[in-house]
Amino acid sequence: MRAFVIAVFTFLYLPIALVVLFSFNAGHHASEFTGFSVQWYGKALANPFLVEALKNSLFIATTSALLAALCGTAAALGLARVGIRTRAVFDALLGAAIVVPGVVIGISTLVALVQLFGVVNPFLASIWPDDQPPRLALGYGSIIAAHGLFSMALVTMIVGTRLGSLDRNLVEASSDLYATPLTTFRSIVLPQIMPAVVAGFLLAFTFSFDDFIIAFFVAGAQTTLPIYVFASIRRGVTPEINAIATIVLVASVLLVVLAQWQLRERKPSN
Amino acid sequence: MHGSRLRRNLLTALLLGPATAWLVVFLVLPFIAIAVFSVGERAPEGGYQAAFTFAQYANLPARATAFWNTMVLAPVGALACLLVAYPVAYYLALRAPQRWRLILLALVVIPFWTSLLMRTYAWMYVLGGRGIPALLAYIGFEDVRLINTPGAVLLGIVYGYLPLMILPIYVSLERLDRRLLEASADLGATPLSTFLGVTLKLSLPGVMTGFSLVMILLLGEYLIPTLLGGGKVFFIGNALVDLFLQSRNWPFGSAIAITLVLVSVVVLIAANRISTRVSGARRVDLI
Numbered sequence: 025m026r027a028f029v030i031a032v033f034t035f036l037y038l039p040i041a042l043v044v045l046f047s048f049n050a051g052h053h054a055s056e057f058t059g060f061s062v063q064w065y066g067k068a069l070a071n072p073f074l075v076e077a078l079k080n081s082l083f084i085a086t087t088s089a090l091l092a093a094l095c096g097t098a099a100a101l102g103l104a105r106v107g108i109r110t111r112a113v114f115d116a117l118l119g120a121a122i123v124v125p126g127v128v129i130g131i132s133t134l135v136a137l138v139q140l141f142g143v144v145n146p147f148l149a150s151i152w153p154d155d156q157p158p159r160l161a162l163g164y165g166s167i168i169a170a171h172g173l174f175s176m177a178l179v180t181m182i183v184g185t186r187l188g189s190l191d192r193n194l195v196e197a198s199s200d201l202y203a204t205p206l207t208t209f210r211s212i213v214l215p216q217i218m219p220a221v222v223a224g225f226l227l228a229f230t231f232s233f234d235d236f237i238i239a240f241f242v243a244g245a246q247t248t249l250p251i252y253v254f255a256s257i258r259r260g261v262t263p264e265i266n267a268i269a270t271i272v273l274v275a276s277v278l279l280v281v282l283a284q285w286q287l288r289e290r291k292p293s294n
Numbered sequence: 007m008h009g010s011r012l013r014r015n016l017l018t019a020l021l022l023g024p025a026t027a028w029l030v031v032f033l034v035l036p037f038i039a040i041a042v043f044s045v046g047e048r049a050p051e052g053g054y055q056a057a058f059t060f061a062q063y064a065n066l067p068a069r070a071t072a073f074w075n076t077m078v079l080a081p082v083g084a085l086a087c088l089l090v091a092y093p094v095a096y097y098l099a100l101r102a103p104q105r106w107r108l109i110l111l112a113l114v115v116i117p118f119w120t121s122l123l124m125r126t127y128a129w130m131y132v133l134g135g136r137g138i139p140a141l142l143a144y145i146g147f148e149d150v151r152l153i154n155t156p157g158a159v160l161l162g163i164v165y166g167y168l169p170l171m172i173l174p175i176y177v178s179l180e181r182l183d184r185r186l187l188e189a190s191a192d193l194g195a196t197p198l199s200t201f202l203g204v205t206l207k208l209s210l211p212g213v214m215t216g217f218s219l220v221m222i223l224l225l226g227e228y229l230i231p232t233l234l235g236g237g238k239v240f241f242i243g244n245a246l247v248d249l250f251l252q253s254r255n256w257p258f259g260s261a262i263a264i265t266l267v268l269v270s271v272v273v274l275i276a277a278n279r280i281s282t283r284v285s286g287a288r289r290v291d292l293i
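First to last, the protein sequences are chains G and C. Just add 24 to the spot in the first sequence (first one is 1) and you have the numbering used here. Just add 6 to the spot in the second sequence (first one is 1) and you have the numbering used here.
Because the hints were derived from the structure by calculation, they are not lab data. Every residue, glycine too, gets a C-beta built ideally from N, C-alpha and C. Heads up, some of the hints might be wrong.
[What the hints assert, rightly or not] Pulled a few chain C residues facing chain G out of the computed Cβ check, cut under 8 Å:
| # | residue |
| --- | --- |
| 1 | Thr18 |
| 2 | Leu29 |
| 3 | Pro36 |
| 4 | Val115 |
| 5 | Ile116 |
| 6 | Pro117 |
| 7 | Leu223 |
| 8 | Leu229 |
| 9 | Trp256 |
| 10 | Gly259 |
| 11 | Ala263 |
| 12 | Val273 |
[Claimed, not checked] Per label pair, the in silico range of CB-to-CB distance:
| # | chain 1 | residue 1 | chain 2 | residue 2 | range |
| --- | --- | --- | --- | --- | --- |
| 13 | G | Leu45 | C | Arg181 | 35 to 41 Å |
| 14 | G | Ser189 | C | Ala64 | 50 to 56 Å |
| 15 | G | Leu201 | C | Gly9 | 19 to 25 Å |
| 16 | C | Lys238 | G | Gly59 | 34 to 40 Å |
Isolated chain G (complex conformation) (with noise of 0.2 Å):
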């Protein structure tokens, strides 16, 4: 058995690990590594599409991460304030929002937005004083509003686990000793609930970062460096991409390390 979890470790990583290699290649084919250069790094960077995309990826990312966090939290503390029926509807919705597949999401998220848009841009037109109305479109607001109900799910559920978990004798202690509720969510909720709202971000950010589907449906005018890639890809494979690639995977392997880092169980410290 053990020789079939090396093996199954080994497919894992095997081709990532080529990627990576590769794209330390001097050489410009792919069969044979002739030799250790950095151009292709160097080529990738100075290619201004691919830096444009890179920055609407980091800038959707940071975000959706963001908003994320901050009302995933919130309905973590809501719902630990709520009855039994409104609670299960809301999982029921978190539930969904992680589990329906990207292209659904995508698809009826666009034609929603689609149909909105056709609504009020008219109505925006026609109240405006003078000729040039702001109109309404898909880009940015909307990849970042798609990735942001994944992600706010995931948070959600990430910080209702470890709200779940928490001392409730230190939050009782800390209100008979007559701190005010806010004191004791400062001093007691929020430092035990932190590690899991970081690790949420940092998932909801990787998460963004990464998805293709979503974006390409809701992306408009704009491109991510997902849907970059994709369409590279498609034009054929060249070193540029295995460094991009690398980027990439690096990138996120550092970011979910550290989330599982901050979710890691805490040894009572005393």
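Following the hints, complete the assembly by docking chain C onto the known chain G.
Chain C only, in chain G's frame:
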């Protein structure tokens, strides 16, 4: 007293407000929108025209190939994932040395959170003309075609979704009461009958959770068949991208999306039923 209760409710509403708005505006309303679209008609210039007809659903056989490919490769892919994942989860939960366990588990989780696009790209690279086929040609097997085949798509599926299958099975095996295994052995059961009667049975909720999650995500898969199937292996996801972004037949696309969601719900309910009936336990939640 009355004032403090009011304040308490107000705070709860404020905490839940943003999340509720988000869920309603970007999950519930869009879903209602595609449900409405799916009983509508296609406008002559593309897009949507209001109507109440089931013509879009009656037209589903027009995309029979995509449905067929998905309905065959999604369960086969999930089953292949399961066969590879179970021994790994078993080893991690019951056999791996304690200090290695968390590291190995982290090594399973990491690929799950790294870009599926990049991971699938890695296989394009390995299976493509300059990868394994070049190596095979070197040792005498000319013209082996690996990429753009159903086999490549299946491989990509197993690779992409293996972590999602390992995790819930690991969780259910890890919770297993080891004394049951000892009791079974003490009572004279062979290792095989202990495995079938105790281990497998009690880990079934994890198996069903993993199977249904992988299967549902595969029903909507687009990247793997596109990149590793080269347009030859068409999934429902490919049909949806075509209908929404290229040929702009939104009502028909909506009918397909609604069908997809309904099939997913059926898969979830069936998986839940099976694990409840066999093990008498509720399914394992992933997070």
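Verification of the supplied hints:
| no. | hint | verdict |
| --- | --- | --- |
| 1 | Thr18 | 5 Å, holds |
| 2 | Leu29 | 5 Å, holds |
| 3 | Pro36 | 3 Å, holds |
| 4 | Val115 | 7 Å, holds |
| 5 | Ile116 | 5 Å, holds |
| 6 | Pro117 | 6 Å, holds |
| 7 | Leu223 | 6 Å, holds |
| 8 | Leu229 | 6 Å, holds |
| 9 | Trp256 | 6 Å, holds |
| 10 | Gly259 | 7 Å, holds |
| 11 | Ala263 | 5 Å, holds |
| 12 | Val273 | 10 Å, violated |
| 13 | G:Leu45 x C:Arg181: 35 to 41 Å | 39 Å, holds |
| 14 | G:Ser189 x C:Ala64: 50 to 56 Å | 52 Å, holds |
| 15 | G:Leu201 x C:Gly9: 19 to 25 Å | 24 Å, holds |
| 16 | C:Lys238 x G:Gly59: 34 to 40 Å | 36 Å, holds |
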